[in-house]
Amino acid sequence: MAKSEKAAQQVPVKEPSGYDYHSLPDWDNDFVDEDAVHAFAEAIKPASALATSPSEEDLTSPLTRKPNAEFITALNDWRPVRQRQIRSKARKGRRRPRGDETREGWTYGLVKYPLLFFVCGWIVWLGFCYLLTRFYIYLYEQYVTWRGARDRLRKQLRVQRSYEGWVEAAKELDTHLQNDEWKKTPEGSYDYQTLSYIGKQLKKLRQEAQKDEQDSTQRQGRLQRRAIDELRSILETCVKNNFAGIESSRLYCETYYGTKDLIQNYIDETSASLRFLFSSTQISDSDKRDVAQHLSANFGRTALCLSGGATFAYYHFGIARALLDANLLPNIITGTSGGALVAALLATRTDDELKRLLVPALAHRITACKEPFSVWFRRWRVTGARFDSLEWARACSWFCHGSLTFREAYQRTGRILNVSCVPSDPHSPTILCNYRTTPDCVIWSAVIASAAVPGILNPVVLMKKQSDGTLTSFSFGTKWKDGSLRTDIPLKSLNLHFNVNFSIVSQVNPHVSLWFFSSRGTVGRPVTHRRGRGWRGGYLGSAIEQFIKLDLNKWLKVLRHLELLPRPLGQDWSEVFLQRFSGTITIWPKTKISDFWHILSDPSPQRLDGMIRAGQLAAWPKLKFISNRMAIEKVIEEAKEATRPPEQPFPTPMPKERLRSVLSEEDLQALLAKARENDGVVEVPPQLLTPAVQRDPAHKRQESPSFAKRFSNLWGSLPSPRNSTDTVRPTSTTNKEIPANAAITADDTRRSSMMDELVRQSRVFFDDFADESEAPSDAEGIQYETATEDEEGGSETDVGP
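Its first residue numbered 1, the sequence shown is counted upward by one per residue in the working numbering.
Hints listed in this document are in silico derivations from the structure and should not be mistaken for laboratory results.
Watch out, some of these pointers could steer you wrong.
Within a straight-line C-alpha distance of at most 27 angstroms, the following computed DSS-like cross-link-like pairs (lysine-lysine) qualify [unchecked claim]:
#1 Lys-549 x Lys-112
#2 Lys-240 x Lys-640
#3 Lys-200 x Lys-288
#4 Lys-155 x Lys-592
#5 Lys-184 x Lys-112
#6 Lys-464 x Lys-549
#7 Lys-171 x Lys-155
#8 Lys-479 x Lys-45
#9 Lys-200 x Lys-211
#10 Lys-155 x Lys-590
#11 Lys-45 x Lys-590
#12 Lys-370 x Lys-557
#13 Lys-211 x Lys-640
#14 Lys-240 x Lys-200
#15 Lys-211 x Lys-183
#16 Lys-492 x Lys-240
#17 Lys-492 x Lys-592
#18 Lys-155 x Lys-183
#19 Lys-211 x Lys-288
Computed from a prediction, not measured in an experiment: that's the story for all the values here.
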């Protein structure tokens, strides 16, 4: 590590209160519920420790046990204990089937270990060659690439204490490397021609719509589309994930800060157009809600994914702090193993609380590894695990704000917490705990289960909170363990449950970060060789690195698919290396050699300060890319919340099922009568949008005739002519020729067949026109349940079902 980086990590925080644990929110509240811990202890108790049956107690008691008593066990109550083993002649020579049906045959036993030694030896050799290659690339960059002024500016970049200072240093380095010229040229690895055209159209239509908004007396023709409608159409077309390729990481790998000026202008104009669209009075709230939902489905959502890595996970605090200070912390957060503990802290605290929590003084609350060697070694010999599950439950309670469930945490902060857990049974699928899949699951139990690495912590059960507040086991008492064993970064589940298609991955797993290498640079860290147009370590060095890494991946897959890898502690460890560990943006903080020595120990405030600083330095180069993505996403999410129906209050994730306010039968008939007088147009009074029972509790609503009652007379003779207008649907022509109170003859209402009657009755639910040719056009039509502006400036509403 360079001297400047060591100095940056040793610089004390700006505020002395950062080391004072008394400034932490709830520093004196442990949030430990002993009843919940006792329920957890009963749930994880092994079967041998459960209460025995009375008959067994009688047999094992020294007072009631007879001398020379023989203990026997029956298979069940209907089969004898001492049954003869009868083997037919055909089965005498048959071998007993093996437990693992995939490992059969004498050839497997013959070639397994020779092939295993050969593959493992080749993997060790490739790993040694890979380390030599990376060492060569390091020397090449240090003594060939970084020299002179660029080396001085780079060191200045890494000693900054704030994001603002880092941005100024990054711009200075870009100017020195002439990266500004690349920003000004529109050509690049994206559809710049389409983007340029769309940007100009958005700006033009937004300005025209703003003029229409200011000039309320201006009215357009009935068939002419408004500028706001054209703007909405273009936004619904271009606001989608990776439109024209602008979310490619390659567009942010050429400079230390920023991207193409054309892309930046397009993002700024799109955000401004969306804000104007959702704040305009030219479209109704119902249309705004439809547009927001449509755009959200196309654009997707962003998630912060925190990997496992034991105490390496404390680097996540610095990355979260950088996102929080820039107001870019996503609402969807997922964590695995050690990352689950950090994710639980982020999802159960508000922004104001997190700004006071993510400081070095937080180390006073990290006490999971406080036990001495003599204590945990004795436990490991007896139970096979270093840590005690009950002690971890008490320690996790503070990070999870007590025994909060996933639903309660969402209601408290509005953030969606996800925790990956792997079942103890190797054949069962993994689970992603969140407020949708496991709403009543207690967070600290999921965090402990996600960190239950074999040999470190025994598998535990998940706990759920019942309606009376007590805890009980979840999923029939199934035990769960570390999520990093299979799904360290659960991108597929996040996309399935929450439409996540943009992921910010903080990767700190020690066995993974070694293999991260971007030959053409990464976001905010371009290749300075040949002014960003070259390869790290030269083309030859990058080619060798890629070849060795791909060959290593191939031989690891050979171990898994040929069933050569042993399964210590009953776990298939191949997925630890072969699963996906990266996302759209992958952040890996710069670790130190000493981190491996302290991999299972609690950090000191000084050490945690260095880890937070390293996380911030790793996250700052990515913030511009993240801010451009979330600039559009935030506008859409804010519009969704602003237009959310009143029966779905935020942040309640699962509101009680209840119907929206509807019109009663008599309200509908009164509105139909007004529609006949006004040529089919009627304005719905606001008070009618509330059911009559709520307006007047003493009012008893007339029951609407059932579907069976309406057609009860179809099989017999038709009813006599009625003078009521309840079922006669007048057309616009009829309203002009026949008075509303005129009597209707039998010939006008009688139908010749059942199908005609069905058609006539169905018009009660669809329209007021007897013939489609008499219905108004789209320009003259009235939207259901929404108020729109017609050519005369009035707000009119048709009657919907």
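The hints, checked one at a time:
{"no.": "1", "hint": "Lys-549 x Lys-112", "verdict": "25 angstroms, holds"}
{"no.": "2", "hint": "Lys-240 x Lys-640", "verdict": "16 angstroms, holds"}
{"no.": "3", "hint": "Lys-200 x Lys-288", "verdict": "23 angstroms, holds"}
{"no.": "4", "hint": "Lys-155 x Lys-592", "verdict": "18 angstroms, holds"}
{"no.": "5", "hint": "Lys-184 x Lys-112", "verdict": "60 angstroms, violated"}
{"no.": "6", "hint": "Lys-464 x Lys-549", "verdict": "43 angstroms, violated"}
{"no.": "7", "hint": "Lys-171 x Lys-155", "verdict": "14 angstroms, holds"}
{"no.": "8", "hint": "Lys-479 x Lys-45", "verdict": "11 angstroms, holds"}
{"no.": "9", "hint": "Lys-200 x Lys-211", "verdict": "17 angstroms, holds"}
{"no.": "10", "hint": "Lys-155 x Lys-590", "verdict": "15 angstroms, holds"}
{"no.": "11", "hint": "Lys-45 x Lys-590", "verdict": "41 angstroms, violated"}
{"no.": "12", "hint": "Lys-370 x Lys-557", "verdict": "39 angstroms, violated"}
{"no.": "13", "hint": "Lys-211 x Lys-640", "verdict": "26 angstroms, holds"}
{"no.": "14", "hint": "Lys-240 x Lys-200", "verdict": "18 angstroms, holds"}
{"no.": "15", "hint": "Lys-211 x Lys-183", "verdict": "33 angstroms, violated"}
{"no.": "16", "hint": "Lys-492 x Lys-240", "verdict": "19 angstroms, holds"}
{"no.": "17", "hint": "Lys-492 x Lys-592", "verdict": "32 angstroms, violated"}
{"no.": "18", "hint": "Lys-155 x Lys-183", "verdict": "24 angstroms, holds"}
{"no.": "19", "hint": "Lys-211 x Lys-288", "verdict": "20 angstroms, holds"}
Taken one by one, the earlier hints fail for this structure at numbers 5, 6, 11, 12, 15, 17, listed in ascending order.
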